[in-house]
Amino acid sequence: MQWSDTGIVLSARKHGETSAILHVLTEQHGRHAGLVRGGASRTRRGILQPGNELSLAWRARLSEHLGTFTVEAGRARVAAVLHEPARLAAFAAACELVDSALPERVPDVTGHRAFRALLETIESDDAWPIAYARWEFALLAALGYAIDPTGADVPPFLAGQQAPDDPRGRTAAVRAALDLTGAHLPNALADHKARLPARARLVDRLARQSS
Amino acid sequence: MSRSSATKELDQMDANNPGSGGGDLDRLMQLLARIPGLGPRSARRAALHLLRKREALLVPLADALTRAATNVRRCGVCGNLDSADPCAICRDERRDPSILCVVEDVADLWALERAGAYRGRYHVLGGTLSALDGVNPDDLAIPGLLTRAKSEEVREVILATNATVEGQTTAHYIADRLVGTDVKVTALAHGMPMGGELDYLDDGTLGWAVKSRRPIS
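Just so you know, the protein sequences line up as chains A and B, in that order.
Residue 1 is where the first sequence starts when you use the working numbering, and the numbers rise one by one after that.
Residue 1 is where the second sequence starts when you use the working numbering, and the numbers rise one by one after that.
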């Protein structure tokens, strides 16, 4: 079994002395895991940071095996946000959420594109908190836990309306949206009791920015 | 366990591993194989070498290991490893007490000491915030750092965490917690490494090298 694809790093955990277990969101093969030999080395560790894009080749004897990835660096997206705390927190939260919520090996080209577009927006657009909240709202719907957009507690910008123009109103709307999606997210996680510490740090940071 | 039953067990181990050097030697090789960088084969070679150099190497090594196990401990001030508490760096009065360099691990502290470019004091966090490994702020030496940073003598805190998502997330978290104190918070620069060639640099490093460019006078 083998295939080649492009993917976005969700997480990489050291395995043994030199290898790493990599989780990526690929374009054609969904969320996928594999062993990267030498993935814990100094040269490879920088490539395997959450949010970075990779060219991947996966190989295993049987399809149900973990398999091994051969990786080549694509766009080092995370380097651009490493020094910006809120954007970095958003990158980490988005990767953590995809890693915790999406099923493994279920191809979802639309989901991959939406995730990639979100990372691009976080990297380059000042209105990224709005995009992040909309992405979480859409992710819940894609996972089968859609929130009724006509509900009284749903901020209008999640129901297709424009986000508030003034920064204070916009931040308040984003906080309300994240509170709402945050209340529904545990249902969508594979482990309902799983905590999302990176997301909690993002929400905390946005709350402190607005206060 | 009585002596006779221990002897029987050793005999049994020898019977199971024909050609091995007996229980003590097996135990030595098993423990050596657990050291990072050594596998069973390297452990066997190391054990044989130690036994060949019994007086010159094995006995002094055993003595050094015993002394390290008894004496080496974490410094109660900075988290460094030393046979005294506070450690030699914290006790050294020639070091600048107004600068604290925050590092993830003792290995990072040693790296900075090897460079010889820093003469302040350190604070070892003991890791980084990690959602994947369930490491929270309470699991790191952050409260101790905040207490030290609030003391009158500290003027600057250098956040020397790794340039990874987890390292920088930890640095930003600490920087947030230091807001409101009088200390200046700085971070290490990122860019071209010494002897680095542009053609071989990764995109991220190259991007930061361009962003952090400086005038040449």
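Rather than coming from a laboratory, the hints here were simulated on the basis of the structure.
By construction, the Cβ of each residue, glycine as well, lies at the ideal position given by its N, Cα and C atoms.
Warning: the hint list may mix true and false statements.
Ranges between beta-carbon positions, derived for each pair [said to hold, decoys possible]:
1. A:191 with B:56: 53 to 59 Å
2. A:191 with B:175: 27 to 33 Å
3. B:107 with A:127: 47 to 53 Å
4. A:62 with B:114: 43 to 49 Å
5. B:114 with A:106: 45 to 51 Å
6. A:127 with B:179: 41 to 47 Å
7. B:199 with A:120: 22 to 28 Å
8. A:161 with B:76: 30 to 36 Å
9. B:76 with A:106: 36 to 42 Å
10. B:49 with A:117: 57 to 63 Å
11. A:38 with B:191: 35 to 41 Å
12. B:188 with A:43: 16 to 22 Å
How the hints compare with the structure:
Here the CB-CB span from residue 191 (chain A) to residue 56 (chain B) is close to 55 Å, well matched to the stated 53 to 59 Å. Checked against the given bound of 27 to 33 Å, the beta carbons of residue 191 (chain A) and residue 175 (chain B), roughly 31 Å apart, stay inside it. For residue 107 (chain B) paired with residue 127 (chain A), a C-beta distance near 41 Å fails the hint of 47 to 53 Å. The hinted range of 43 to 49 Å is satisfied by residue 62 (chain A) and residue 114 (chain B), whose Cβ atoms lie roughly 47 Å apart.
Checked against the hint of 45 to 51 Å, the pair residue 114 (chain B) and residue 106 (chain A) passes, with Cβ atoms roughly 48 Å apart. For residue 127 (chain A) and residue 179 (chain B), the hinted distance range of 41 to 47 Å is not satisfied, since their beta carbons lie about 25 Å from each other. A hinted range of 22 to 28 Å holds for the C-beta pair residue 199 (chain B) and residue 120 (chain A), which are about 27 Å apart. Taking the beta carbon of each, residue 161 (chain A) and residue 76 (chain B) are about 57 Å apart, not inside 30 to 36 Å as hinted.
For residue 76 (chain B) and residue 106 (chain A), the hinted distance range of 36 to 42 Å is not satisfied, since their beta carbons lie about 51 Å from each other. Distance hint check for residue 49 (chain B) and residue 117 (chain A): the Cβ-Cβ separation is about 58 Å, which falls inside the suggested range of 57 to 63 Å. Between residue 38 (chain A) and residue 191 (chain B) the Cβ separation comes to about 25 Å, which falls outside the hinted range of 35 to 41 Å. A C-beta distance of roughly 19 Å is found between residue 188 (chain B) and residue 43 (chain A), which places it inside the suggested range of 16 to 22 Å.
In this structure, the hints that do not hold are numbers 3, 6, 8, 9, 11, in rising order.
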